[in-house]
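Peer 1: In case you want the letters, here they are:
There are 2 protein chains.
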Amino acid sequence: MADQPLFAPRGSTDEVEEGRALAPKFDADGLVTCVTTDARSGEVLMVAHMNADALAKTIATGEAWYFSRSRRRLWRKGETSGHVQRVVEMRVDCDQDAVWIKVEQVGPGACHTGRRSCFYRAVPLGSRADATVMLEFREAEKAFDPHEVYGGGSTPKSDS
Amino acid sequence: MADQPLFAPRGSTDEVEEGRALAPKFDADGLVTCVTTDARSGEVLMVAHMNADALAKTIATGEAWYFSRSRRRLWRKGETSGHVQRVVEMRVDCDQDAVWIKVEQVGPGACHTGRRSCFYRAVPLGSRADATVMLEFREAEKAFDPHEVYGGGSTPKSDS
Numbered sequence: 001m002a003d004q005p006l007f008a009p010r011g012s013t014d015e016v017e018e019g020r021a022l023a024p025k026f027d028a029d030g031l032v033t034c035v036t037t038d039a040r041s042g043e044v045l046m047v048a049h050m051n052a053d054a055l056a057k058t059i060a061t062g063e064a065w066y067f068s069r070s071r072r073r074l075w076r077k078g079e080t081s082g083h084v085q086r087v088v089e090m091r092v093d094c095d096q097d098a099v100w101i102k103v104e105q106v107g108p109g110a111c112h113t114g115r116r117s118c119f120y121r122a123v124p125l126g127s128r129a130d131a132t133v134m135l136e137f138r139e140a141e142k143a144f145d146p147h148e149v150y151g152g153g154s155t156p157k158s159d160s
Numbered sequence: 001m002a003d004q005p006l007f008a009p010r011g012s013t014d015e016v017e018e019g020r021a022l023a024p025k026f027d028a029d030g031l032v033t034c035v036t037t038d039a040r041s042g043e044v045l046m047v048a049h050m051n052a053d054a055l056a057k058t059i060a061t062g063e064a065w066y067f068s069r070s071r072r073r074l075w076r077k078g079e080t081s082g083h084v085q086r087v088v089e090m091r092v093d094c095d096q097d098a099v100w101i102k103v104e105q106v107g108p109g110a111c112h113t114g115r116r117s118c119f120y121r122a123v124p125l126g127s128r129a130d131a132t133v134m135l136e137f138r139e140a141e142k143a144f145d146p147h148e149v150y151g152g153g154s155t156p157k158s159d160s
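Chains as they are written, first to last, in the numbering used here: chain A, 1 to 160; chain B, 1 to 160.
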């Protein structure tokens, strides 16, 4: 990160919030949060993380790169599945600890379970306060077979 | 969290990803990530965090509650500004460490800087690799005066 010339050092609150220099606030693990939405439908496809390298590569290439917390390594979205994400627009939030990318999702879906979006279940509101909340599937069917796409030998894992 | 009957204990990967019980994966700080979008426009308004209490209160009341990491306390969105968020739908992601709420934002905006959305600046793609990235304002004007709304004495802070 120190040798990453794309990013400015963190300045005052006013500089970070009202300025034009990109000065990301990486957390203790060196990560910012990334929200990825479908550029056409607006649907949230996934929430993942980027380290300095992933953020720099995404900016430079216009394709989504993340940092996998479970595998502890840089990860080009779609490197195994072919389901890459072309970034149409990137935004950064007020305190610069989160980015939002609008993408064209190549292939049938973004989620390692085989769905278009990772957010395929709804949480009903106003649930009884003394019982476990039961989720409602909004997208039960799989858009692709994850075992076929990721290989039969390994169970695909979430990388969020 | 232990006395929170709304949440099931974490089960197997298959139970968490394909089951119907809400079993949130709180991180080391006891938080899940929350992405908040405008139910009408689809725009991402903010990214924040919820602890078990905030998640339970949001589910029970249908209004957005968060946990402020900077102030280390439960926080009802709009408690100071009046800019509350009515939750139209809540989703949870595959491994249940993130939620997505679609909200009706009451008042002019969600961001403590006075904008509608916290994501008011774009990060240009394909930037020169040897120079600081310069952001482009997409929503420079403020929808409200934060000092007026939050009180002149205190500078409003980001709570993401």
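Incorrect hints may appear among the rest.
Chain copies aren't distinguished; within one or between two, either way the pair holds.
As the list claims (entries may be wrong) - Straight-line C-alpha distance at most 20 angstroms; calculated DMTMM-like pairs for lysine to aspartate or glutamate:
hint, residue 1, residue 2
1, K25, E15
2, K102, E43
3, K25, E43
4, K102, D38
5, K57, D27
6, K142, E63
7, K57, D145
8, K142, E43
9, K102, D14
10, K57, D97
11, K142, D29
12, K57, D130
13, K142, D130
14, K25, D53
15, K142, E15
16, K142, D14
In case anyone wonders, no lab produced these hints; they're calculated from the structure.
Peer 1: Now look at each hint and say whether the structure bears it out.
Peer 2: So, going through the hints one by one against the coordinates:
1. For the homomeric pair K25 and E15, the shortest alpha-carbon distance inside one copy (13 angstroms) is at most 20 angstroms, but the shortest distance between copies (34 angstroms) is not.
2. Both within a single protomer and between protomers do K102 and E43 lie at most 20 angstroms apart by alpha-carbon distance, with minima of 10 angstroms and 10 angstroms respectively.
3. With identical chains, the CA atoms of K25 and E43 are never at most 20 angstroms apart, being 26 angstroms at best within one copy and 22 angstroms at best between copies.
4. Proximity of K102 to D38 under the C-alpha cut-off of 20 angstroms is found in both arrangements, the shortest distances being 6 angstroms within a copy and 15 angstroms between copies.
5. When the C-alpha separation of K57 and D27 is checked against a cutoff of 20 angstroms, the pair qualifies only within one copy, where the shortest distance is 19 angstroms, while the shortest distance between copies is 27 angstroms.
6. For the identical chains of this complex, K142 and E63 are neighbours neither inside a copy (24 angstroms) nor across copies (31 angstroms), given an alpha-carbon limit of 20 angstroms.
7. In this assembly of identical chains, the alpha carbons of K57 and D145 never lie at most 20 angstroms apart, being 29 angstroms within a copy and 36 angstroms across copies at closest.
8. For the identical chains of this complex, K142 and E43 are intra-copy neighbours only, at 17 angstroms inside a copy versus 26 angstroms across copies, given an alpha-carbon limit of 20 angstroms.
9. In this assembly of identical chains, the alpha carbons of K102 and D14 never lie at most 20 angstroms apart, being 26 angstroms within a copy and 29 angstroms across copies at closest.
10. Proximity of K57 to D97 under the C-alpha cut-off of 20 angstroms is restricted to the intra-copy arrangement: shortest distance 17 angstroms within a copy versus 25 angstroms between copies.
11. Taking identical chains as interchangeable, the C-alpha atoms of K142 and D29 are never at most 20 angstroms apart, the minima being 33 angstroms within one chain and 33 angstroms between chains.
12. In the homo-oligomer, the alpha carbons of K57 and D130 lie at most 20 angstroms apart only across protomers (13 angstroms), although the nearest pairing inside one protomer, at 47 angstroms, exceeds that limit.
13. Proximity of K142 to D130 under the C-alpha cut-off of 20 angstroms is found in neither arrangement, the shortest distances being 32 angstroms within a copy and 43 angstroms between copies.
14. In this homomeric assembly, K25 and D53 come within 20 angstroms of each other (Cα to Cα) only inside a single copy, at 14 angstroms, whereas the closest approach across copies is 26 angstroms.
15. Taking CA atoms no more than 20 angstroms apart as the test, K142 paired with E15 passes between copies only; the shortest distance there is 16 angstroms, against 45 angstroms inside one copy.
16. Taking the shortest alpha-carbon separations for K142 and D14, only the inter-copy value of 14 angstroms comes in at or below 20 angstroms, while the best intra-copy value is 46 angstroms.
Going through the hint list in order, the structure does not satisfy hints 3, 6, 7, 9, 11 and 13.
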